[in-house]
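A.B. asks: Once you have looked at the hints, place chain B on chain A.
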Amino acid sequence: MNADDFIEKLHKEAVCLGVKEFQISYSYYENYGLSLVDGKLEKVENNQEQMIKFMVRHNGKLGQFVYEGDLKLELIPMIVKTAQENVSLISDEDDSFFYAGGEYVKDLKPYQPLWDKLQEIDKIDFLKQVEKLVYDKSSLVNKVISTHYGEVKNEVILRNSLGLNVSKKLSRASASVHISVKNDDEIKSAVEMVDFSDMQHFNLQYLVDKVVDTAINKLKGREFQSGKYKVVLKNKAVKSLLSVIASLFFAQSVIDKKTKFGDKIGQKIASDKVSIIENPFMEGGYATCAFDGEGYPTSYKLVVEKGVLQTLLYDLKTANKFEKVSTGNFDFLGNFYLEKGSLSFDGLLREMGEGILIEELSGFNVGIDKVSGDFSLVGNGKKVEAGTIAYSLSPFTVSGNLYQLLMDISNVANDLDFYYSSCGAPSVIVNELVLANS
Amino acid sequence: MSLIDKKLASEVIDMALSSGGDFAEIFVENSLYERIYLAEKQVKDVASRLVCGVGIRVFCEDFQTYAYTNVMTRENLLKVACQVSKSIKSEKQIQSMDFRNLEFENLSPVQVNPFDVSKKHKIDFLQNISGRAYTHSQLIEKVSTLLNSKQREILVANSEGTWAEDTRVYSTLMLDAQARRDGICEQAMSIHHASQGFEILDKLPYGLYDFVEGTVDRAVAKTYAKNCPNGVMPVILANGFGGVIFHEACGHSLEARVIANNASEFCNKMGEQVASPLVTAYDDSLIAGANGTLNFDDEGTPTQRRLLIENGILKNYLLDKFYGRKLGLESNGAGRREDYTYVPVSRMSNTFIAGGKSKVEDIIASTEYGLYAKRLSGGSVNTVTGEFNFAVAEGYVVRNGKICEQVKGARLIGKGIDVLKKIDMVGNDFEISAGSCGACSGHIPVTVGQPTIRVSEMTVGGNK
Chain A
1 MNADDFIEKL
11 HKEAVCLGVK
21 EFQISYSYYE
31 NYGLSLVDGK
41 LEKVENNQEQ
51 MIKFMVRHNG
61 KLGQFVYEGD
71 LKLELIPMIV
81 KTAQENVSLI
91 SDEDDSFFYA
101 GGEYVKDLKP
111 YQPLWDKLQE
121 IDKIDFLKQV
131 EKLVYDKSSL
141 VNKVISTHYG
151 EVKNEVILRN
161 SLGLNVSKKL
171 SRASASVHIS
181 VKNDDEIKSA
191 VEMVDFSDMQ
201 HFNLQYLVDK
211 VVDTAINKLK
221 GREFQSGKYK
231 VVLKNKAVKS
241 LLSVIASLFF
251 AQSVIDKKTK
261 FGDKIGQKIA
271 SDKVSIIENP
281 FMEGGYATCA
291 FDGEGYPTSY
301 KLVVEKGVLQ
311 TLLYDLKTAN
321 KFEKVSTGNF
331 DFLGNFYLEK
341 GSLSFDGLLR
351 EMGEGILIEE
361 LSGFNVGIDK
371 VSGDFSLVGN
381 GKKVEAGTIA
391 YSLSPFTVSG
401 NLYQLLMDIS
411 NVANDLDFYY
421 SSCGAPSVIV
431 NELVLANS
Chain B
1001 MSLIDKKLAS
1011 EVIDMALSSG
1021 GDFAEIFVEN
1031 SLYERIYLAE
1041 KQVKDVASRL
1051 VCGVGIRVFC
1061 EDFQTYAYTN
1071 VMTRENLLKV
1081 ACQVSKSIKS
1091 EKQIQSMDFR
1101 NLEFENLSPV
1111 QVNPFDVSKK
1121 HKIDFLQNIS
1131 GRAYTHSQLI
1141 EKVSTLLNSK
1151 QREILVANSE
1161 GTWAEDTRVY
1171 STLMLDAQAR
1181 RDGICEQAMS
1191 IHHASQGFEI
1201 LDKLPYGLYD
1211 FVEGTVDRAV
1221 AKTYAKNCPN
1231 GVMPVILANG
1241 FGGVIFHEAC
1251 GHSLEARVIA
1261 NNASEFCNKM
1271 GEQVASPLVT
1281 AYDDSLIAGA
1291 NGTLNFDDEG
1301 TPTQRRLLIE
1311 NGILKNYLLD
1321 KFYGRKLGLE
1331 SNGAGRREDY
1341 TYVPVSRMSN
1351 TFIAGGKSKV
1361 EDIIASTEYG
1371 LYAKRLSGGS
1381 VNTVTGEFNF
1391 AVAEGYVVRN
1401 GKICEQVKGA
1411 RLIGKGIDVL
1421 KKIDMVGNDF
1431 EISAGSCGAC
1441 SGHIPVTVGQ
1451 PTIRVSEMTV
1461 GGNK
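If you read the protein sequences in the order shown, they are chains A and B.
Numbering-wise (the numbering used here), the first sequence opens with residue 1 and increments by one.
Numbering-wise (the numbering used here), the second sequence opens with residue 1001 and increments by one.
Derived from the structure by calculation, the hints contain no laboratory data.
Watch out, some of these pointers could steer you wrong.
[To be verified] With a straight-line cut-off of 27 Å between C-alpha atoms, the simulated DSS-like cross-links for lysine-lysine are: (1) B:1007 with A:72; (2) A:228 with B:1006; (3) A:169 with B:1079; (4) B:1079 with A:123; (5) B:1119 with A:81; (6) B:1120 with A:132; (7) B:1079 with A:182; (8) A:182 with B:1326; (9) A:210 with A:260; (10) A:20 with A:228; (11) B:1464 with A:383; (12) A:236 with A:273; (13) B:1464 with A:258; (14) A:123 with B:1203; (15) B:1041 with B:1089; (16) B:1422 with A:220; (17) A:268 with B:1464; (18) A:53 with B:1044; (19) B:1315 with B:1326; (20) B:1415 with A:20; (21) A:301 with A:236; (22) A:236 with B:1079; (23) A:210 with A:137; (24) A:210 with B:1415; (25) A:43 with B:1086; (26) A:230 with A:268; (27) B:1007 with B:1089; (28) B:1326 with A:257; (29) A:324 with A:370; (30) B:1006 with A:72; (31) B:1079 with A:153; (32) B:1006 with A:257.
Bound-form chain A, shown alone (with noise of 0.2 Å):
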């Protein structure tokens, strides 16, 4: 049965069992996969899924039942009861809804591979191709360990009883490569990809210069005195804090008392040098979307100005509940970044003069205390004296608080980079954070 087919009999048999608001969420999914190792192909992946999310509305909660497989008939009846059974023991004090639909921002563009570019090369070609010029470029280059190749499209369609109808499309495409240097004993590794949105991702020496560069970079670690010091955050660096960061700006974490901005807006939140926007409309953005999960219209927000909290991000639950209008924020976060300033990258440096350059964080699994924003991650950098990089560090822990830290931004550079993603950062430089090493 198709999926229009199933939603219709679906909406038909809601109403029919005196299901008075519903919502159908429908979502299809689809994934090709290369991977080569040692210049031969070692796996191949093809995959296709759908899923269904029904959910009810009674009495101002909301009940779901989420259901993956065949588009069977004879399943509706329990898909209905049990989202019914589900809505009946919620005992939420705030109250949820849907959306009946509204005027949507037309005509975005977001990211997209260059289809028709990719459909003239072969990807495995390809893949071979860089791994030898990886080879070529460097005689530390250790082992290139695999390269992949991957394609996904996802259709999501969301109609609910009030009249929502809206659906959306996307499509990625990626190039990947994981390598190994080595210099002595020591080894160290990188992985760089390309997402094909641009005509310089399909020079395979743009990924290859990328992954070996960035590996390399990582050799003749030293080790460093543990203590305060003051920092360059590398711009993926600060994407990635500012990725973990974004949760503390929802009202929903207000709600679960995780974040300390809940009564801030109109207050300094972050140096003034701190402007954070969320802009859903970005052309080629890998969260540009006129609706949100819940269907409601996204916007353009400016959510820290100079330092100054603007606004929470709501949803049509949290809107309520704090009388605000929803911000287009269920389940959704726009592309979300952190406004560049004028100053280079080496103009950063020179400006920080003495401290340490943390090119890239990582441990964030488990290193975030949400309630408290403390933090304690793993770092990867380079010393820096007298405003020019020195030399390269061994691992190091990275201790800090959130908030303090957006507080101690005393410069921000003009390298802005998504990395491929929806979140986005410049570098900067933050006054103090305690750095640990052997």
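C.D. replies: Structure of chain B alone, referenced to chain A:
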């Protein structure tokens, strides 16, 4: 009744092998999930989920191809199998054999199927423990509780004639308490996973009081904790979940995929000293009722107890069918996957350092200055370089052989073999503790374990 009849399974496997290949497998799944979540004594979420899907895989020497679908009609399964076969280009080599049911003793019998218990009953339980948590301290400002139940019916059938069916039940209970004292807000969480049913509530490792009131006490205590000092120092890791250190420092690096692809510091080290002579470690999929235990792995291979390291000498890798083949070795039943949407690879199950001889009090008393990591949060590893890290959820400074002030925000980093060689004391208080592990074949239930151990030096990162 089987998830798929044998005739169709045979047809699918034969279709998948129609262009060649030397092995084919079909993995079928029908899984029920339920989530009940309370926060601040309100039932915030009751969610149900049903997942049905199939994964079809073919090997041809050192190549594999995979496709999954959740449209399980005969027509579509044969279409997907045909698509899979198109990635293979060789003369047809085999046909599927007659299926033989895999017989096994159920290592994780369920006493009370969680789906036989009403949601209301579960909610009442969660309300009860939530209420107890609030009552235990006036400093508690928020309590949330969660009960997840999972029932997975799976079938693995392959061209070698394996027909392995099982029903796997898992439960997870979580309590999260936030305390506020003088403007300082801290959180503590207890979470228990088990391959058990609703009886999990009666089988918590330290009992329900420790799970509920103990968590509250830890949240309150953390508001008094100081920032952790940083530097290089001895680290004592408590028993049970302290086994995360071995999981990250060594376990992932012994998985066949990274060994076969030369992406592990443990490559070419079989038979060599890779840890202190005090360290003997196992991965044991046969521990009755443990979270990582399986009657057979996700490729239908009977599971086993694997000696990984003996007195510091590397003895075994974790092997699945495909990457074991690349190493010229047979699978040792370590192939695992979160669900049908993942290709299985070798992963850990119940992984632990075996008990030693030292008394815990002697380990502490012999440490002049260091960190006692009583509870860990979890970590991650780069198997290529051996660099790993993990976070400490509850730590204490050890000074002059005594456990002193509680500290917070500690992060430990190190390099696998280097740290394993620095284990200089191994206690006699062995325990295992359940958790969840995420990697390239998804999130799977596991157990970590160890006695109390001391590492003579590790880099400790803190906010002091």
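A.B. asks: Compare the structure with each hint and give your call.
C.D. replies: Do the hints match the structure? See the list:
A C-alpha spacing of about 22 Å is found between residue 1007 of chain B and residue 72 of chain A, which places the hinted pair at or below 27 Å, so the restraint holds. Between the alpha carbons of residue 228 of chain A and residue 1006 of chain B the distance comes to roughly 65 Å, so the proposed pair goes past 27 Å and is violated. The straight-line distance between the Cα atoms of residue 169 of chain A and residue 1079 of chain B is roughly 25 Å, inside the 27 Å bound, and the hint therefore holds. Among the hinted pairs, residue 1079 of chain B with residue 123 of chain A is consistent with the structure: their alpha-carbon atoms are about 24 Å apart, no more than 27 Å.
Restraint check: the Cα-Cα separation between residue 1119 of chain B and residue 81 of chain A comes to about 14 Å, which is no more than 27 Å; the hinted pair holds. Restraint check: the Cα-Cα separation between residue 1120 of chain B and residue 132 of chain A comes to about 61 Å, which exceeds 27 Å; the hinted pair is violated. As the CA atoms of residue 1079 of chain B and residue 182 of chain A are separated by approximately 46 Å, the hinted pair breaks the 27 Å bound. At most 27 Å may separate the alpha-carbon atoms for a hinted pair to count; residue 182 of chain A and residue 1326 of chain B meet this at roughly 24 Å.
Under the criterion of a C-alpha separation no larger than 27 Å, the hint pairing residue 210 of chain A with residue 260 of chain A is inconsistent with the structure, at around 39 Å. Distance hint between residue 20 of chain A and residue 228 of chain A is unfulfilled; the C-alpha atoms sit about 60 Å from each other, more than 27 Å. Proposed proximity of residue 1464 of chain B and residue 383 of chain A is supported: the alpha carbons are some 21 Å apart, at most 27 Å. Straight-line distance between C-alpha atoms of residue 236 of chain A and residue 273 of chain A comes to about 18 Å, which keeps the hinted pair within the 27 Å bound.
In summary, the hint linking residue 1464 of chain B to residue 258 of chain A is supported, as the alpha carbons are separated by about 23 Å, within the 27 Å threshold. Distance hint between residue 123 of chain A and residue 1203 of chain B is unfulfilled; the C-alpha atoms sit about 53 Å from each other, more than 27 Å. A threshold of 27 Å between alpha carbons decides the hint, and for residue 1041 of chain B with residue 1089 of chain B the separation of about 60 Å lies outside it, so the pair is violated. Restraint check: the Cα-Cα separation between residue 1422 of chain B and residue 220 of chain A comes to about 23 Å, which is no more than 27 Å; the hinted pair holds.
Distance restraint check for residue 268 of chain A and residue 1464 of chain B: the Cα-Cα separation of roughly 26 Å lies within the 27 Å cut-off, and the hinted pair is therefore satisfied. Among the hinted pairs, residue 53 of chain A with residue 1044 of chain B is consistent with the structure: their alpha-carbon atoms are about 18 Å apart, no more than 27 Å. Taking the CA atoms of residue 1315 of chain B and residue 1326 of chain B, the gap is near 18 Å; set against the 27 Å cutoff, the hint holds. Distance restraint check for residue 1415 of chain B and residue 20 of chain A: the Cα-Cα separation of roughly 59 Å exceeds the 27 Å cut-off, and the hinted pair is therefore not satisfied.
Between residue 301 of chain A and residue 236 of chain A the CA atoms are separated by roughly 23 Å; this keeps the pair inside 27 Å, and the hint holds. Of the supplied pair hints, the one linking residue 236 of chain A and residue 1079 of chain B is violated, its CA atoms being roughly 43 Å apart against a limit of 27 Å. Between residue 210 of chain A and residue 137 of chain A, the direct Cα distance comes to roughly 11 Å. Compliance with the 27 Å bound is thereby established for this hinted pair. Proximity of residue 210 of chain A to residue 1415 of chain B is assessed by CA-CA distance (about 26 Å); at most 27 Å being required, the pair is judged to hold.
Between residue 43 of chain A and residue 1086 of chain B the alpha-carbon distance is near 13 Å, which keeps this suggested pair within the 27 Å criterion. With a CA separation close to 22 Å, the supplied pair residue 230 of chain A and residue 268 of chain A stays within the 27 Å bound. Under the criterion of a C-alpha separation no larger than 27 Å, the hint pairing residue 1007 of chain B with residue 1089 of chain B is consistent with the structure, at around 26 Å. Of the supplied pair hints, the one linking residue 1326 of chain B and residue 257 of chain A is violated, its CA atoms being roughly 50 Å apart against a limit of 27 Å.
In summary, the hint linking residue 324 of chain A to residue 370 of chain A is supported, as the alpha carbons are separated by about 24 Å, within the 27 Å threshold. This hinted pair checks out: residue 1006 of chain B and residue 72 of chain A have alpha carbons roughly 22 Å apart, not beyond 27 Å. Pair hint residue 1079 of chain B plus residue 153 of chain A holds up; C-alpha atoms about 19 Å apart against a cutoff of 27 Å. Simply put, residue 1006 of chain B and residue 257 of chain A have alpha-carbon atoms about 53 Å apart, too far for the 27 Å limit, and the pair is violated.
Consistency note: the structure conflicts with the earlier hints numbered 2, 6, 7, 9, 10, 14, 15, 20, 22, 28 and 32.
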